[in-house]
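Participant: In order, the protein sequences belong to chains A and B.
Quick note: the first sequence uses the numbering used here, first residue 1, plus one each step.
Quick note: the second sequence uses the numbering used here, first residue 1, plus one each step.
Hints listed in this document are in silico derivations from the structure and should not be mistaken for laboratory results.
Here the structure is a predicted model, which means the values were calculated and not measured.
Any given hint could turn out to be false.
Just the calculated beta-carbon pair ranges, DEER-fashion [stated by the list, open to error]:
1. B/R723 - A/G486: 40 to 46 Å
2. B/P716 - A/K331: 38 to 44 Å
3. B/R723 - A/I202: 40 to 46 Å
4. A/K387 - B/G729: 27 to 33 Å
5. B/K588 - A/E219: 23 to 29 Å
6. A/P384 - B/R723: 47 to 53 Å
7. A/K726 - B/G214: 24 to 30 Å
8. B/G585 - A/D493: 34 to 40 Å
9. A/T264 - B/G585: 50 to 56 Å
10. A/E871 - B/K588: 38 to 44 Å
11. B/R723 - A/T218: 20 to 26 Å
12. B/K588 - A/R844: 30 to 36 Å
13. A/R844 - B/E648: 34 to 40 Å
14. B/G846 - A/K698: 52 to 58 Å
In silico DSSO-like cross-links for lysine-lysine, where the CA-CA straight-line distance does not exceed 30 Å [stated by the list, open to error]:
15. A/K647 - B/K588
16. A/K782 - B/K592
17. A/K647 - B/K480
18. A/K480 - B/K650
19. A/K572 - B/K487
20. A/K162 - A/K126
21. B/K534 - B/K588
Positions of the beta carbon are idealized from the N, C-alpha and C atoms, including for glycine.
Number of protein chains: 2
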Amino acid sequence: MAKEKYVYMFEEGDKSMKNLLGNKGANLADMTKIGLPVPRGFIITTDVCRYYYANGRKYPEVLQEQVLDAVKRLEKSTGKKFGDPKNPLLVSVRSGSVVSMPGMMDTILNLGINDAVVEGLAKGTKNERFAYDSYRRFVTMFGDVVMGMERSKFEHIMDEIKHKNKIKLDTEMTVPMLKELVTKFKEIYKKETNEDFPQDPIEQLKRSQGAVFGSWETERAVIYRRLNHLSSELGTAVNIQEMVFGNMGEDSGTGVAFTRNPSTGENKFYGEFLMNAQGEDVVAGIRTPKKVEELGKVLPKVYKELVEIRNKLEQSYKDMQDFEFTIEHEKLYMLQTRNGKRTAHAAVKIAVDMVNEKLISQEEAVLRVDPASLGQLLHKQFDPKHKYEVLTEGLPASPGAAVGKVVFNAADAKMWAEKGEKVILARLETSPEDIEGMHSSVGILTARGGMTSHAAVVARGMGKCCVSGCDEIVMNEKGKMFTCKGKVVKEGDTISLNGSTGHVILGAVPVVEPTLSGDFAILMKWADGFRTLKVRTNADTPKDAQIARNFGAEGIGLVRTEHMFFDATRIKAVREMILAKDTAGRKKALAKIEPYQIEDFEGIFTAMNGLPVIIRMLDPPLHEFLPKEEQTKEIEELAKELGVTSKEVKETIVALHEFNPMLGFRGCRLAVVYPEIMETQVRAIFKAAMNVAKKGVKAIPEIEIPIVGTIKEYSPLAELTRRIAKEVGAQGKVHYTIGSMLEVPRAALTADVIAKEAEFFSFGTNDLTQMTCGFSRDDSAKFLIPYVEKGIYARDPFQSIDQEGVGLLMKMAVGLARGVKPGIDIGICGEHGGDPATVEFCHRIGMSNVSCSPYRVPIARLAAAHAAIKEKQAKGKK
Amino acid sequence: MAKEKYVYMFEEGDKSMKNLLGNKGANLADMTKIGLPVPRGFIITTDVCRYYYANGRKYPEVLQEQVLDAVKRLEKSTGKKFGDPKNPLLVSVRSGSVVSMPGMMDTILNLGINDAVVEGLAKGTKNERFAYDSYRRFVTMFGDVVMGMERSKFEHIMDEIKHKNKIKLDTEMTVPMLKELVTKFKEIYKKETNEDFPQDPIEQLKRSQGAVFGSWETERAVIYRRLNHLSSELGTAVNIQEMVFGNMGEDSGTGVAFTRNPSTGENKFYGEFLMNAQGEDVVAGIRTPKKVEELGKVLPKVYKELVEIRNKLEQSYKDMQDFEFTIEHEKLYMLQTRNGKRTAHAAVKIAVDMVNEKLISQEEAVLRVDPASLGQLLHKQFDPKHKYEVLTEGLPASPGAAVGKVVFNAADAKMWAEKGEKVILARLETSPEDIEGMHSSVGILTARGGMTSHAAVVARGMGKCCVSGCDEIVMNEKGKMFTCKGKVVKEGDTISLNGSTGHVILGAVPVVEPTLSGDFAILMKWADGFRTLKVRTNADTPKDAQIARNFGAEGIGLVRTEHMFFDATRIKAVREMILAKDTAGRKKALAKIEPYQIEDFEGIFTAMNGLPVIIRMLDPPLHEFLPKEEQTKEIEELAKELGVTSKEVKETIVALHEFNPMLGFRGCRLAVVYPEIMETQVRAIFKAAMNVAKKGVKAIPEIEIPIVGTIKEYSPLAELTRRIAKEVGAQGKVHYTIGSMLEVPRAALTADVIAKEAEFFSFGTNDLTQMTCGFSRDDSAKFLIPYVEKGIYARDPFQSIDQEGVGLLMKMAVGLARGVKPGIDIGICGEHGGDPATVEFCHRIGMSNVSCSPYRVPIARLAAAHAAIKEKQAKGKK
């Protein structure tokens, strides 16, 4: 077997070799290949990193030899030599994984300088100041990055010298001062490390290379990889590149540029530069950089070359590039290029423009936009130009931005809103009784509850900004105030919420409105052309249904009827029904609810005219509709209203109490024991469908039975539905289907049996996750947060489906169901339906549709397109 | 195709044809075949019943013809004729399914009598009284059973005549009175049915046959089948048999007998008879029957024949028989035989005796004893001779009987017990804090909670009688009293509990002690010889472990360590640990608990010397160890004890509150977040194992990690265990294994992944059922009771594993695990481990062992033997 090749000269690689050379290295090689002016250099491959960790932090035997050989080739091609005072080779050393990673060693510059070289450099460049400044920078970086010294040790010495000489800026330092600095830096280096500052460039290089590989496993890097689902097997490469200097005088300079505007996406060269400066000076912000166009006036030839390079880069990479350049004595060098980060807005524009420019295909354009980033386009945002101080940070439960006056209960929210105030509803946690108050608010803030708490779920459904689980806030709802870190926020105080980051800010932060461009519509149309998965929405009101339809929803995947029961106009009848002593009493109360339910469904059917609407039968346990045991006043009022004793009400509340309500008397269990409840709902559905038909509206109700665990629950309820259809004369007139939720693991495990009768399925992945993983979403934060930190779950399984566990069960259920009924519609209506990774998963396991909150519909559409395109591409490769 | 045969003469069948002829019919045919004196007759098969219901209550076309043919054959063989006054054929008509069933039509006697026949009968028998008495009985039965008339209508007429004639007993009625009765009976018949009483015997037969088939689908029969898991496909047969009369004078009689004593099992003829009587007279209890032996004096020849028949029956049926006979003019007739019902005690004795008598094999003997019935042998029982009045009925949560004085809290239970009182602890529901009080009590009574509530589970573990979920009891714990149906029971009042029936009785009911016979030991030894499934026990104390070992447990399948944490000596340290602010604080508190835990484990290891002991790491959520939010006094005391503020304690309680504690921060989640807790437990286990080794005791700890959902939870905790083993020097010295519970569906679904590392598995089927079916055992009674009534679940899935749902997942998990590690030990330690049906299921899906409470160990051993034998027999058949 031939010797393993661990080192590549730039001219030996190209951009297809990212896994081996890292992103930076591959791009340097590629730029070299396409003839761009890249300082020469070589790359130690990621294979070495993997070998290093697999072999107890040892290098492959042949590595040293290959590195020395590469140094020789570099010396030959540059005509410079390591440690040669007359013509010294100086290099930069940088890490380079496939993705850049915080915690990784970044850069060591000027490697190769030593006591002899610095003098030669001074002579050769006729710039003593430059030579010693370069040396002191190198010693600092080496001490800090390679030897782990505290940077402050160096800064302290520098401050002393400045103080002694009564100067303030680094640039005011004279050559003698710089020389003193270098001497003192080497002294402190020796004191801290017990060795002289290494003089041999090869030794310097060896140590720096070790620092790069060592930084792969620092805690920060490990955590970053965990959080971003990156394998530690990726490894990092090391890039060694000849130094060029932008600080050689006024004919030198350095800059950073984007081939297009990363903020707007506009196809216009965009960047900044500084003359007589090194890269770090641009970042440091001491001098204000100039716009890249102005380089045309300073060095017209160089600028022209830069513009040509910009075009070459886009032609080569077919994407917007973010690159660094340096000018040394009017000669332009490219130091790095990579795909540029951009706003969602820019991403959409660039993708569409590049198709028009025939740079990329529509498929590629669709893939270029991250579905999750669309949230930015669909919601209000804090003005990115404005800086603000964060009071506390909760969970980014529902995206967008909100500014308003704080109120502490739903009634106040409603009252203030009616007066025209913008309010933010702050609660310990929300419950279904708060729905109306949430509607009246511009944002919701809770001290408890996770990303899938009631507040979060409802807010996302409403498209309202929500920050949940702010555990630093001590909420005093009765006192109409909260305290946080010693600050007191009272009713009426203005606060701002950023639902995309979880930030809570005192006072008002300027907010910008979302704007949907024509490019967005074009891109979404392309996306729709590729996807096969249908996208529906979860909507409980005609308004939400309309919003979702505008966003491209192809039906409703979930109407939760329980929200309707909380409405002030009918909660009394609902409670009367619960307190009824017998079937007759329940039927009497239900008769009062029926007309309202008919209205509800008429509205939704009208909004979704011609599209299917899955309506879920009443799901929550009945105690949710009653006051709580300790709400003595509410109980008394209710008793009076219904003409019963408070004791009776209290007894019902106690009797309905549940230890684990999530696993309690709910869903179809209610319908089996009290069929009259479901009968009323089904009757209302059919009547509504027939009513709207008279106005030319086509209703397609899909009646969904929740919490089904066995076919023996499903069958009698399906039978009940058909019986009611006949009774009200809807049979044969209204096109309806009956289906089952798959949210109890037992139902998923026996999906083949249930599929014999059910006409459609919908995964309720919130409950399915709770039951399959055995944790309640309301209680799990205590361990799920540490779990995600420790990588036990890659992501919060309530946000993105746990593909290896819950997903396994879903896949099994799809297989079982399709085995019995190949064409059966299978969807998902849990919160996961709007998560791009979950949408892709649903596509892969062959589901028919996903359903999500209205504001996530475009995200799901795009994610579904990604899934379809990736699948096609993967097939193409086989 | 030949014509379907729907009617069989007795001489055409045998006992192998039970499915077709019903149990009664097949046995009549069989007795005919072996030459016993059976009145002749024929059987309409169960096929007709199935046909009848499959075809809209219509009969097969050929049926009528076949019935008429059978009647002709019967007429020929008896020499009698339907409707012939001179020599009339009278028959009985009885239903006969494979199992007898309440709600099914039982018997119509004397069919064939009409106005002409009755006169002929009177002449022929020279017994006018007999003839008219038979007629009036027939009209009554026909009117009641076939035509659905109220029996009271007939009784009313009879009362009138008796009143008019001033007599009291039926036997005092004269012939004219009986004639008047017949006339009036026919009149009321006509009035109620709008038709004359049918005179044609064939018509009478047709109608009666219809009544039998019609009764198959009565509500009572349907419910019975549902409750007893009988398929409606079984169908019933109809038996038509020549009448014989025991009421023909003093040379006639009737009786019921068992081939052996059904109460003791003694091999001695056992039965009763009455001379000059019909079957119903024996049952009516007006005259006192005589012991069957006395028949030897009355009719020695007949008795001798009966004894011979008894022996023939046992030789033929190889089981104890329960049979009916009639003597007509000194001629003996057999009317029915079936396997006799018997007590568990008798079942064991008969089974062992029959092996010794070479009637049956050991295998057969083992199968003869119902595992569930062993409960009778292992627990105290109410004296069966004593009758009592039931105050109320709860759930039979833990078998046995208890008599004691009622107390209302654990402290009182302890105090009273220390004074030598036998107490029954009555609580709304029990919690872990009540453990000590439960130990002090002879029985436990709760108003809330199901068969698997805390009270039920713990009581079964302790082998103590428990009645749970008595919802008619209004419990007033603070007032130290309860009320039930208007009766008040105060502290110190004596009550009796029957944990096998759920009965609660005011006052003391005499109780008999269980006695385990030598036969029991022999049978269990045979059982052990057949079974392949190991049987372990769930035991938390050395005492329980010892009891279980005496009952034949082969190890411990579950030590729940949390009960140990509630002990008064350590609960303080446990609470200190929970309230600690950091790891150091927790470690300090845990250090106090460790010595106690070492002691706990030493005791258990010593009791189980040489047998494996699965110890489950701490499982419940931490809030279970703290006072409740409203227990202000307890909170204050605790705060004082621990030197913190009440507010701090309260805040911790609030912070630990969970909405769904079953799905909360518990099991291995605690160990992952607070590894120091598990470290302490593991350390205690290893230290205890090394300590007892010094005394020659061999400890085999099997460390079990609960609530595992993913391998990523399991791996670090297994690693932790091995690390501690090394730290305390147990590695290589103590033989230990590490395994995982399978109770979270996700773990079962990924059992293959976890099996790569786990050394054993144990199904926690309580939690697995809760999560797979999605109902909490504490809350599910509200719908599970109606569910079982409606047949949605065949049995309470917390008592017997839901084989088609939870069982499916178990089977899948066993397959996955064995696919990776073929020999891996897989057990079950949920409450189901002692349920015979579940044990058989565990055998069938290839598990290694079951574990149950000590008193259920023999039940599980026997059930495991049944499973193995049945499997062997099924294979033999193939």
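Participant: Quick check: does the Cβ-Cβ distance between A/R844 and B/E648 fall within 34 to 40 Å?
Facilitator: Since the Cβ atoms of A/R844 and B/E648 sit about 50 Å apart, the hinted range of 34 to 40 Å is violated.
Participant: Are A/K162 and A/K126 close enough, with their CA atoms no more than 30 Å apart?
Facilitator: holds (25 Å)
Participant: Take a look at whether the Cβ-Cβ distance between B/R723 and A/G486 falls inside 40 to 46 Å.
Facilitator: holds (43 Å)
Participant: Between the alpha carbons of A/K647 and B/K588, is the straight-line distance 30 Å or under?
Facilitator: Outside the cut-off at roughly 48 Å; violated.
Participant: Taking only the CA atoms, is the gap from A/K572 to B/K487 under or equal to 30 Å?
Facilitator: violated (37 Å)
Participant: Hinted pair, alpha-carbon criterion (30 Å max): A/K647, B/K480. Please report holds or violated.
Facilitator: holds (21 Å)
Participant: B/G846 and A/K698, beta-carbon distance inside 52 to 58 Å?
Facilitator: holds (54 Å)
Participant: Between the beta carbons of B/R723 and A/T218, is the distance compatible with 20 to 26 Å?
Facilitator: Between B/R723 and A/T218, where Cβ atoms are some 24 Å apart, the hint holds.
Participant: Does the alpha-carbon distance linking A/K480 and B/K650 stay inside the 30 Å limit?
Facilitator: holds (22 Å)
Participant: Hint says 50 to 56 Å; check whether the CB-CB distance for A/T264 and B/G585 agrees.
Facilitator: Holds, since A/T264 and B/G585 (Cβ atoms, about 55 Å apart) stay within the stated range.
Participant: Regarding B/K588 and A/R844, is the given constraint of 30 to 36 Å on their beta-carbon distance met?
Facilitator: violated (51 Å)
Participant: At the C-beta level, are A/K387 and B/G729 separated by a distance inside 27 to 33 Å?
Facilitator: Since A/K387 and B/G729 have Cβ atoms about 59 Å apart, the given range 27 to 33 Å is violated.
Comparing the model with each earlier hint shows violations of hints 2, 4, 10, 12, 13, 15, 19 and 21; every other hint is respected.
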